[in-house]
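Colleague: Residue numbers (our numbering), protein chains in the order written: chain A, 9 to 283; chain B, 169 to 313; chain C, 950 to 1274; chain D, 2 to 340; chain E, 12 to 675.
Mixed in with the good hints, there may be bad ones.
What the hints assert, rightly or not - Listed next, the in silico BS3-like pairs over lysine-lysine satisfying Cα-Cα at most 25 Å (straight line):
1) K351/E / K514/E
2) K199/D / K1082/C
3) K86/D / K955/C
4) K285/B / K514/E
5) K1020/C / K1038/C
6) K514/E / K74/D
7) K1038/C / K619/E
8) K192/D / K3/D
9) K7/D / K1069/C
To be verified - So these bits of chain B aren't anywhere near chain C, every CB distance computed over 12 Å:
10) N198
11) R199
12) L200
13) P203
14) H244
15) T247
16) A284
17) A288
18) N291
Since the hints were made in silico from the structure, they are not lab data.
Yeah, the Cβ is synthetic: ideal placement off N, Cα and C, and Gly gets one too.
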Amino acid sequence: MYEDALIPKLGVVTQIRVETPDVKTFRVVGADGKKPFVHIPGQCAMLSIPGVGEALFSITSSPTVEEYIEFSIKKCGCVTDWLHSMEPGQNVTIRGPYGNGFPVDTDFVGKDLLFVAGGIGLAPLHSVINYCRAHREKYGQIDVVYGSRSMGDLVDYKEILDDWMKEDGINVHLTIDNPQPEWDGHVGFVPNYVTELKPDISKTVVMCGPPVMIKFTLAGLMDLGFDRKNIYTTLELRMKCAIGRCGRCNIGSKFVCKDGPVFRFDELDELPNEY
Amino acid sequence: MQVDKNWTPTIVAFCCNWCSYAGADLSGNNRLSYPANVKIIRIPCSCRLNPMFILRAFQRGADGVILCGCHPGDCHYTTGNYYARRRMTLLFSMLDYLGIEKERTRVEWVSAAEGAKFAATMNEFVEAVTALGENKRLEDFRCKQ
Amino acid sequence: MQAVIKKKAIELLESGTVNRVLGWKAGEFFYDLTPAVFTTPEQIEKDFVYSVFSGANMSKYLIDESKKEGKVAAFIKPCDGYSFVQLQKEHRIVRENIYAVGLACDGMCDMREIREAGIKGVTSVEEDGETLKIGTIYGEKTMAKKDALLERCVHCKSKKVVDCDEMIGENGEENRDCGRFDEVEKLEAMSPDERFAFWRSQLSRCIRCNACREVCPACSCVKCVFDNPNSGIAQKAAASDFEENNFHIIRAFHVAGRCTDCGECSRVCPEHIPLHLLNRKFIKDMNELYGFYQAGADFESKPPVMNYTTGDAEPSIVYARGGDK
Amino acid sequence: MKKISKAKIDELFKAISAKETLYIPVDDSEGQAAFIPYAEGLKMSEDLNTVRSAKDLFFPQVESLVNFKMDGKHIEIIDAATEKKPFVIFGVRACDARSFDILDRVFYYAEPKDSFYIERRDKSTVVTLACNAPEETCFCGAFGIDPAEPAGDVSAWQDGESFFFKANTEKGEALLAGLPLEDAADDAADKVKEDIRKITAMLPLKDLDLSKFGPGKTQELFNDPAWATLSESCLGCGTCTFVCPTCQCFDIRDFDGGKEIRRYRCWDSCMYSDFTQMSAGQPRPTQKERFRQRFMHKLVYYPDMHEGLFSCVGCGRCLRKCPIHMNIVKVIKTIGEEK
Amino acid sequence: MQRIGVFVCWCGSNIAATVDVEAVADALSKEPGVVFATNYQYMCSKSGQDMIREKIKELGLTGVVICSCSPRMHEATFRKTCESAGLNPYMVEIANIREQVSWVHKDKAVGTEKAIILGRAAIAKVQLNTPLIAGQTPVTKRALVIGGGIAGIQTALDIADAGFPVDIVEKNPTIGGKMAQLDKTFPTLDCAACILTPKMVDAGQNENIRILSYSEIEDVKGYIGNFDVKIRRKARYVDEEKCTGCGTCMEKCPMKKVPNEFNMGLDNRTAIYIPFAQAVPKVATIDANYCLKLNTGKCGICSKVCLADAVDYEQKDEILEEKYGAIVVATGFNPISLEKFDEFAYSQSPDVVSSLEFERLMNAAGPTGGTLLRPSDKTHPHTIVFVQCVGSRCDASAEKGKEYCSKICCMYTAKHAMLTREKYPDTEVYVFYIDVRTPGKGFDEFYRRAVEQYNVHYIKGMVGKVVPEGGKLKVQASDLLDNRQIHIDADMVVLAAAIEPDKSARPLATKLTASMDTNDFFTEAHPKLRPVESPTAGIFLSGTCQGPKDIPETVAQAGAAASKVISLLVKDNLVGNPCVAKPDELMCNGCSSCEKVCPYGAITYEDKPFRGPNRTTLIRRVAVVNPAVCQGCGACTVACPSGAMDLLGFSNRQIMAEVDAICK
């Protein structure tokens, strides 16, 4: 078999979990039944269905999981539609991991971490949060602010309730956009909730979510006096190769696929505003 | 041209729902046989046939494409086959201009009562295409094994 | 001519008739004029050029320009004029926002013809009657202007500007005897094998750069079927012979009856594929089978592919025409 | 240095093509030069350069990556790569020879490596040819390229009577070793070089000033208002990209042929509106952003990533082929002019 | 991806004998998306249908493929079956393995292979099917009849009789049309007025009928069941409500030299007039072209003498806006202008008349009070030559006249000849004809009576020239049967002028987006099966606007059109065919290509705002298809260069998927 980074490996989807009406989590192993590769939290992989297309997804499972990798995927195009319609046992092709990932073993060590996520934006953070939970001793306090349109749109809700919220040293703050009869938690948009919580400016912040959420949360954090050096986010642009060659995902001289997808805001400030 | 004795062409027949598809059914009702390599695709009217479909068929391995519709003047939608007639005339002329065998494409008007004509037309068309051999000029190598 | 046009452009700007002028802007060399929008008399004085290299058909730019604030002045050569009218018929341009100045034209030159005549490293050109005096880094060369003309000008079908607000120069007449179908006839006279070989040798050079499509005033679709992932036939590069043929056949078919034969597709093709011969084949067939039709010659007529008569020729007429197998 | 009389050039071509495929520039029926495999009777083009650059031979417009077979839930991955045979390209100009360096940094040296490209590069021998008659559109000098001293595995020169050859690499030496060549003095081509340099000194674009461009200029140039006017008439076609020897963007697509699904990559252009289109948005929504991307990449981003090397070689193809005559020289002069 | 169930039918042995149904089901079960495949003896039987229903529910099928007989046979059946199981009926596809496989191919291996391929094609199509829901549109229960001749009157009466309100729009001051001008009618020779005027009165008095006379159609918008029509009520300068039709104004009007169109200009009328005694509505109208008051400001006599105070010189045109569910076109015909037929001296001698003029000359209410007198000298003509086919059945290259047969001329000429001979036995009557066409009940007997009983001289041949000379008309003609030249000195020559659609028809057709043939006759939806409907849904055709007809045919078609209208208006809602064209407005250019080929006028354009780059808004012209009007032929989908127009149920991708599956 010819070897090239663009030639994928075979994978098998062994489990599909319905998270929300439009998000499913797919568990993938290699053709040999083992975990296809080792990754760093925040990295991505290319999944494809031959004839339908190839697309980049962030890996949602923590590197600490030894058996498989997982992807939480929202239905929003032809590849995702196809993935959503398939059943366990289906082959897919996979290549990766790609990107830089979060500095979990360097910059994050010893820091208080604040994770801010909106909707499907939890997917890339899920991997980091679980990694940090697994290496709890390396980090300070962990806060998670997570919001969605409604209760039904909260990804990983069960895990958050059963595991995260029951754990010491991790505070989860959930919010939904509009009131719902079954909901007794916070109601309101994520950026406002973050400001309401008045996080300490020494925290390292990791954000992922829709562009408006990022924009207003960032503004809120700036008002609180945060340093842009301590705020991270992950970006998404159109990609074909995911290895810095096809020429699509550059922002100025940086490729999102290779130099990203994780960027600090002070790094982004140096780049042209084209993302 | 060398023709493999066992080779049979793939023929796609686009038939309008109102006349020709019914004509094809009638040739079935009357047990008038025609070669099995003719496969019919039902379209509402001959004017639904986009030249893209014809080229697509050749790309995917068809050796002949035939369009059957109501006789001019009898279109269920009054004017559909008149448009189809102009479009196909121009398309066939263009294919011929590109050096693609003009015998591979054909338009035939078959009414719902002309079961015999349908069968005869198909027999004759299959024969003509068989004589031409495989479609090489509009094939796509990626659709072959 | 250039002086008159520049004067007119400045006059239109200064009188407030228009707030900008679509024209040709000087480049690095005498021949590389770029379509540009001029907003001040100073810009026009400095950079506006009208010469035998102002061949570009600018009517397609009017699709966007005519939808902007205020009126734009456009200079319309006869062949551009057909596209200009055709685009109006297709409701693609807002006529009220355009001040159209018709230009009498006696042919535009093609740099490619000059280069193919073996003249290299050109730096200047001077029109001396029917001769072009061409300065090059390898010394001065001369060439008859008629040999340097664009293909479409050699077979100029009309010198008539169909629709304009005023003319510079005398408006001319249609010339149906321009011989533009001679090449098509030559091909028709060949055997199918020869024709196939001819078109393979041409179309196999296609690099699918889409220049023909992007420059074509009839190809003004919001999104081309070949770019639309949902069309089922989207393609980016011709990955097989079939796709080369398919693209050019479908493109010619989509513009059939709307193509004014402006010849831009062939002018811009980096591989010099005679694409106009495909469009002209359709035009010739339509003329012969359904009566003479010139797209963009009027505001009312229906293109032959969107029309019919009960007595039209049957498709089998094709078997009777063209060369034998 | 070696030489061969011009009358015997066919013998040389025959000798090379007897061993491996030899590509030479040949005029086609419409007078367009292209690199095609040598066969007896083919004459080398008189044109300075081919319409498409020599990059095609290493990075072809369409390249099969892998095939798949689908059967129910099962996918089979099938090798699509065919073994690449060694080949020689003859008559590559100095500009195109530089373009290989530029492409190498993306496909050859950067991790992960591109096996397809590397295999072709490794199996090829590049014979360059000095430019006796540069065109007015040439500006390779602006990038420090000397058309009288082309790089490549073998450099070649021609005068009225002979071709002269000098091997620059081991591969080049190996090629020359087996060929029917005569020995020549080391300075045999000096007269040719001198003539060429006389001409390059007269080229109209010889003084193209690139000082405004290069690494670290992103912030300075990105918001220049001139991008809007320069891109105004751009049609958004891919001509410049596809004739460019250094453009390397590609798309990866699947084609379901019914029997097998073929995954291939093909050239793409950052000038196309769908290049960066996502279902959620478009970071380069108008032609201005797409146009700017192409030139910023060549003049700023690429140099940023690759030690100041510009991703343009001054071959002049875009100057000749752009349907509306917008090109990198106009961009350099407009954006680069003192404000 | 769909979850597809495949059901292969044996059709007893009809399919199973030449197709290995088990192998077909087995092969198809392996196709992508197929979750279930089976075969069964009679899929269309109750138990077969029950199985389909069960499997849909049990397996949550989203698509069904049935390999069976022709879809023309049982597609509707299986769609209903699936619908009853909760599956959208348009998620069903049929692979025709009976008529197109088992019945035409005798070799079982060959048949089985083809059946599998057709099954694959159906599966490939179903993969791309989308649930379709037929749209419903409410129906305005009111009809519009355009034209108040016998066709319009009859249609209106029949619709009104069924209880629906009808408006008749008539451009003239009265209804009645051409039939009102006729004297007697063939072949029974009863008087036209005697049979027509009671109908006119009925129409005038019917509670459900409103007659809008002296009115024209200004604009038509909308579609079947929901037309919005603007009607121009032309100023008649007389208040219709007040006018009693007493006629005093006509007596006093000083402007008496207005050519009387009702009598074909053979006499005069006044500027204020009621066209004829039995006019409905019987209301005076001022002819603005001739009225002294309106033209010079001086006069006003009619106003002074009107006891009802009905005259209003200030009246203006009014625009009435009404809603209708159906429109009937009954615009009728006119004889062609004879200007181009100079050889018959029509414009040189007043004694050369058209048949309609002759009709008035014979009529008791006509200019001569029913005595046949030559217009020139009011003397009794003794020799009359009738010329048939004047302007009918002409060569297309002659550039005058019509190519078609006007159908009624043979019979009315026989009638004229017969009536002349009966009233004035001393008159010699010659009829020149090319063919005498008398296919109709009692027609040929009638013609033979003219020849045999009344001794009318029928001569096969054409009149070459008529020259007025010394009070006579020198007729030169040829007798084709005897092969000789004939010269007749006639007193009168009567020309059977061809008939053509009324001039108002073409602009009206444009407003209605109804199609017309090259002769300006309205085209019917199907020449055989839908002869009284226009291809544009909701537009119906009555009378000669569709083609030449005599009175009984006209009345028959009028009734047929009325019944079609009634069957439309009784519905509260119209359920459409969901397989209609659908434009993708993001792709649409608004270039109008689709509109040009749509035979139904189903496509209109709208300027719509779209999101442009950088938060701008772009206004673009895009096509809008009215699903209530579209019939789903697909002509537009091919005309559309951008591929924006697609046909639901037969989309580009669906058809290409079938092609792919077949050619695989």
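Colleague: Given the hint that K86/D pairs with K955/C, test it: the Cα-Cα distance must not exceed 25 Å.
Modeller: Distance of about 59 Å is beyond 25 Å: violated.
Colleague: Check the non-interface label on N291/B: least C-beta distance to chain C beyond 12 Å or not.
Modeller: Holds, since 17 Å exceeds 12 Å.
Colleague: Would you mind confirming whether the straight-line C-alpha gap from K1038/C to K619/E stays at or under 25 Å?
Modeller: 19 Å, holds
Colleague: Would you check the hint for K285/B and K514/E, treating anything up to 25 Å between C-alpha atoms as holding?
Modeller: Given that 25 Å is the threshold and the Cα spacing comes to 43 Å, the pair is violated.
Colleague: Non-interface claim for A284/B: all C-beta distances to chain C beyond 12 Å?
Modeller: 20 Å, holds
Colleague: Classify the label on P203/B as holds or violated, using whether its beta-carbon is more than 12 Å from each beta-carbon of chain C.
Modeller: Check passes; 21 Å lies beyond 12 Å.
Colleague: Between K192/D and K3/D, is the straight-line Cα distance small enough, at 25 Å or below?
Modeller: 15 Å, holds
Colleague: Once the closest CB in chain C is found, is it more than 12 Å from N198/B?
Modeller: 26 Å, holds
Colleague: Take a quick look at whether K1020/C and K1038/C sit within 25 Å of each other, Cα to Cα.
Modeller: 19 Å, holds
Colleague: Is it correct that the beta-carbon of T247/B has no partner in chain C closer than or equal to 12 Å?
Modeller: 7 Å, violated
Colleague: Is K514/E within 25 Å of K74/D, Cα to Cα?
Modeller: It is violated: about 68 Å lies between the C-alpha atoms, which goes past 25 Å.
Colleague: Over 12 Å to the closest beta carbon of chain C is the bar; see if H244/B clears it.
Modeller: 16 Å, holds
The structure is inconsistent with the numbered hints 3, 4, 6, 15, although it conforms to all the rest.
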